[in-house]
Amino acid sequence: MEAQVNLYEKGEKRLVLTGDRAKLLSLLNIESSLGLDIIVAGDWRSADGIEIHITSALVVPRQAKKLALQLSQEEPFRAWLPRVEERDGGGEYSLSEKGPYQPWIVWPDIETGLDETDTLGVSAAVRRLYFTKAINAISSLKSLDPFRRTWVDRRGRVAVRSEAWGRNPARDEESKSAERLVCSSGFLKDVLLKRRAELLVLVTLRRYEKGFGGRDGQFWHTTAVIRIDQSLGFEFYPGVIDTPH
Numbered sequence: 014m015e016a017q018v019n020l021y022e023k024g025e026k027r028l029v030l031t032g033d034r035a036k037l038l039s040l041l042n043i044e045s046s047l048g049l050d051i052i053v054a055g056d057w058r059s060a061d062g063i064e065i066h067i068t069s070a071l072v073v074p075r076q077a078k079k080l081a082l083q084l085s086q087e088e089p090f091r092a093w094l095p096r097v098e099e100r101d102g103g104g105e106y107s108l109s110e111k112g113p114y115q116p117w118i119v120w121p122d123i124e125t126g127l128d129e130t131d132t133l134g135v136s137a138a139v140r141r142l143y144f145t146k147a148i149n150a151i152s153s154l155k156s157l158d159p160f161r162r163t164w165v166d167r168r169g170r171v172a173v174r175s176e177a178w179g180r181n182p183a184r185d186e187e188s189k190s191a192e193r194l195v196c197s198s199g200f201l202k203d204v205l206l207k208r209r210a211e212l213l214v215l216v217t218l219r220r221y222e223k224g225f226g227g228r229d230g231q232f233w234h235t236t237a238v239i240r241i242d243q244s245l246g247f248e249f250y251p252g253v254i255d256t257p258h
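Be aware that the sequence shown starts at 14, since it is given in the numbering used here, and climbs by one per residue.
Keep in mind the hints are simulated off the structure, nothing from the lab.
Accuracy of the hints is not assured; some may be wrong.
Unchecked claim - Capping the alpha-carbon separation at 35 Å, the derived lysine-lysine pairs in DSBU-like fashion look like this:
#1 Lys207 to Lys223
#2 Lys146 to Lys111
#3 Lys78 to Lys23
#4 Lys78 to Lys111
#5 Lys36 to Lys78
#6 Lys78 to Lys155
#7 Lys223 to Lys23
#8 Lys223 to Lys36
#9 Lys36 to Lys23
#10 Lys223 to Lys155
Could you put the whole structure together from the sequences, leaning on the hints where they help?
Here it is in structure tokens:
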């Protein structure tokens, strides 16, 4: 899975954020079908500096198509999926519940306690994404190291990888740390069958255009939603494409 993709493309008058279906699916490692592994959450930047934000949540199958369509039509700053958070001490909690969506991923919110300029103290490394205890229990997942980088199932097969890379910025630099949560398609199928659910994945591309000459800065977005069913079939729901907000 390649993180360094280009998401700008040539428009009629300028470079624009891509809305290409194949490129957006490739961010999840999906082509004509799901790959052996799929990216289900993350924050990183493309090779040309575009912010990539991926979130996902479980939904009941009878509501999945309707919810996917609704989510794809929401304004980018209002489109979101619930998640579980972790504070120091390891407790899981959610302050972002949203109707019929079931959060299944933990996004840690932990203070590193390290100097901002210490390039060895990458903040993303201690904020690695991982699945909730209830989800891990489905396949008896356990982490192979204290940093929760790799998780294996009861047979010792790698089911989940939590990736983190980058460095801590200096005070006048933009953050360059990033993270992604990757799971095997087999694990995903097991979760969907056991939880009797489908998965909705929200993909958001964002770029910021600085203001000049008295003009305010502006954000531009491309969004899409991907619905994955229990047989690992998927449906793509386009949202906005290179739209200012």
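Those earlier numbered hints the structure runs against, lowest number first:
When the structure is compared with the hints, numbers 1, 10 turn out to be violated.
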